[in-house]
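J.: Protein chains in written order, with our numbering: chain A, 1 to 373; chain B, 1 to 403.
Think of the hints as simulated: they come from the structure by calculation, not from any bench. You may find that some hints are simply not true.
Taking CB as the label site, the calculated pair distances span [what the hints assert, rightly or not]:
1. B:T189 to A:P114: 30 to 40 angstroms
2. B:H369 to A:R246: 22 to 32 angstroms
3. B:G273 to A:N168: 29 to 39 angstroms
4. B:L57 to A:N168: 41 to 51 angstroms
Built from N, CA and C at the ideal position, the CB exists for glycine as well.
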Amino acid sequence: MEKAKISSYQLFVLICMFELGSALLLGIGKGAKQDAWLAVLSGLSVGFFLFYVYYKIFSFYPGISPVEWLRAIYGKVIGWFFGFAMGIYFLYLSARVLRDFGEMLIISAYPETPRFIITVIMAFCVMYAVKKGMEVMARTGEIFFIFVYFLMIMSFVLITSSGLINLNYLKPVLENGPMPIMKTMATETIYIPFGETIAFLSIFPLVDKIKGVKVAGLSAMWLSGTNLAISMLINTCVLGVDVMMRSPFPLLTTIQEIQIAHFLERLDVFFMVALIVGGFFKVGIFLYAACITFTELFHVSSYRKTVYPLGVIMLGASSMIASSYAEHIDEGIKVVPVFFHLPAQVVFPVITLLLILWKERRKKKNRQKPASA
Amino acid sequence: MMSSRWKTAVALFMASFLLTGCWSHKELTDIAFVSAIGIDQLENGHYLLTYQIVNYLNIPSGMQIGGGQGPPVTIYQTEGKTIEEAILASDQEISRRLYFSHTNVLLIGRNLAENGIYPVIDTFDRRKEFRNTASVLIARKGKAEDILQVMTPIDHIPTNKINKTLEDAEENVGGRIKTDVSDILYDFTTEGKEAVVGSFKLMGDPKKGGKQESQNQTKLDAYLTSGGIGILKHGKLIDWVGGQDARTITWLLKKTKMTSLEIDWAHHPRALGLQVRKTIIGMKPVMKNGKPEMHIHIRLAGQLQEVDVPLDVMDSKEMVRIEKAYEKNVEQQINKGIRHMQREQCDVFGFGEMIYRQYPKEWHSLKHHWNENGFAHLKVKVHADVVIANSELRTNPFLSNLK
Chain A
1 MEKAKISSYQ
11 LFVLICMFEL
21 GSALLLGIGK
31 GAKQDAWLAV
41 LSGLSVGFFL
51 FYVYYKIFSF
61 YPGISPVEWL
71 RAIYGKVIGW
81 FFGFAMGIYF
91 LYLSARVLRD
101 FGEMLIISAY
111 PETPRFIITV
121 IMAFCVMYAV
131 KKGMEVMART
141 GEIFFIFVYF
151 LMIMSFVLIT
161 SSGLINLNYL
171 KPVLENGPMP
181 IMKTMATETI
191 YIPFGETIAF
201 LSIFPLVDKI
211 KGVKVAGLSA
221 MWLSGTNLAI
231 SMLINTCVLG
241 VDVMMRSPFP
251 LLTTIQEIQI
261 AHFLERLDVF
271 FMVALIVGGF
281 FKVGIFLYAA
291 CITFTELFHV
301 SSYRKTVYPL
311 GVIMLGASSM
321 IASSYAEHID
331 EGIKVVPVFF
341 HLPAQVVFPV
351 ITLLLILWKE
361 RRKKKNRQKP
371 ASA
Chain B
1 MMSSRWKTAV
11 ALFMASFLLT
21 GCWSHKELTD
31 IAFVSAIGID
41 QLENGHYLLT
51 YQIVNYLNIP
61 SGMQIGGGQG
71 PPVTIYQTEG
81 KTIEEAILAS
91 DQEISRRLYF
101 SHTNVLLIGR
111 NLAENGIYPV
121 IDTFDRRKEF
131 RNTASVLIAR
141 KGKAEDILQV
151 MTPIDHIPTN
161 KINKTLEDAE
171 ENVGGRIKTD
181 VSDILYDFTT
191 EGKEAVVGSF
201 KLMGDPKKGG
211 KQESQNQTKL
221 DAYLTSGGIG
231 ILKHGKLIDW
241 VGGQDARTIT
251 WLLKKTKMTS
261 LEIDWAHHPR
271 ALGLQVRKTI
281 IGMKPVMKNG
291 KPEMHIHIRL
301 AGQLQEVDVP
311 LDVMDSKEMV
321 RIEKAYEKNV
331 EQQINKGIRH
341 MQREQCDVFG
351 FGEMIYRQYP
361 KEWHSLKHHW
371 NENGFAHLKV
381 KVHADVVIAN
391 SELRTNPFLS
401 NLK
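In isolation and in its complexed conformation, chain A is listed as follows (with noise of 0.2 angstroms):
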């Protein structure tokens, strides 16, 4: 465990941008079509629910690192088991979202330069801003978030000044009924981004204050989320759902649309400064949480130490996780959320939480016994 202390304003920033990563990027929620934006939102409540489990698992539990009460509840050895498989899905998810972005660039902006080169510079602005700690995350956070917000007001002001919203093109709401909605929340919008913040259980204990991750963490999301939302929202209402479900960045695409007499246009490479500002606080946070989970599990003395091994193996799994484009998306989308996200998200922390609830009620029982016998 890093000593450091955060205050609870700078949670709610690093949730928010952690949240905004590479969700605004990708597009969450495609699979409902027009309905992208009601998916966010379905996906927000849930993931409000899921945010109060691992709140409430930590309140049990203030001030130790998720290894020890792991540790505490499941016994030595199976605790041991579970933090590792923890320590794994974090390193590979940050592995994920490195590539997102490398992916991105490629694509959008250096077609000719290998992706090694762009993953490597950005790794290890993030390893170094990681091994700085957490308070200098936190820090650089509340001045990034002020930069990315005003870059979003910007872009909203932008896109609807230049009349380029049709409403017409969310019509008919729930085309189908709300089932696709359902499907959409449940294989994907819960899980990315808001089950993700399961990453925070590392961060948590450094908040100064336990009431304020809650406060803090609920508003995040909902200012994330509903941001998320308006954005599906816009890039639906720009772009139409056919463009909208074949751009692998569908953000990006409707900000290139922008065109305001004939002066203010290709504004893509100004946004695009934005989302990887996102990326680099996404990545980040899920290094940072691998790093306190295997410092934890080896006693390794102190966190730092493992920041490098870590972050270069999370740019080695960056490459090899996928030979493609097209496998690394499809991977994201059938394999990961069903057998990674939700396991790890869904299942696990709610079991951890009945388990606890369970030890509490028997210990409370068992101080009132011999107190009346």
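Guided by the hints, dock chain B onto chain A, whose structure is given.
T.: Below, chain B alone, put in the same frame as chain A:
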């Protein structure tokens, strides 16, 4: 102390490698800005691509009269079995790499348009440099290469002329249309809507238009002018629409704001001219006994611009009668335009799309062969509402007071 200095030095030295910029940077002197691409299909099925490359040195700027020595644009042509192959072949011919980010016009030859433009749209939609805000046009007469060779006075870059002309004509006159790649893609992929595309044509002698000497006269030997609307069905050009029917299309696509309308009055042919300043169009599908119907409401407001008969303009009852006559005229025009498209069995107005958005459940049973079974027999009710706001700076025409 020393060691930390060394560290800083090494770090700064390493950073210098990052400062060089992009891996694959191209200097301005290595790229050729393509302002328009023309695509023709040859008889053997190959594609002939014509690139209009901007010669920035030769564009006269506002201050300096005359500009450079040569023409403002240069033409290169390459051929290939696929479009991609033809673009690659340009490297064998042109000293610079073609740069498509500033391409504003994609001109398609008539042959190719009749054979289908799906392959063209796909390659350019996919290209990362190419912007989907570029307009797509069909060369009305003959080949795209001929049009791109013609030099244009006043707007020295021909693409500027083409785009500005179409934008103006679309909004202020009607019957002309400027569609960009995203519009066409939307029409191709949306159920119940067929694509329309604008056109440009070459008037005069195509051989003379490419010579700079031809610019040294007031009446040009060859010049470019906008053409009517091309109707695409399944990506293939099936017909041209011009005149009032074309204006009906731009009206119903909500592209036209102003236009002029003339009617006969008191047995004088085309006696009254109305300058329309404002156009509001409402379209609504309605289900009647399980059958769709379109209700169209068009509201035009304008001023009398031409009065060639003795008339009391200040008589409000007379004006109401004129308005009524205009309303009838507009309704007839729109009905005629719609019937034209119904004969072509091509729903360019997007009536099917409106039904889909309003009545998604009913649409499921209607969508099969919509153009042939649904649109061709669709009942359309048109209601026009014309308001004559004033008659400009004069009231009654001097014809009323002729001695």
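J.: Out of the numbered hints, which ones does the structure contradict?
T.: Hint check: nothing fails, all pass.
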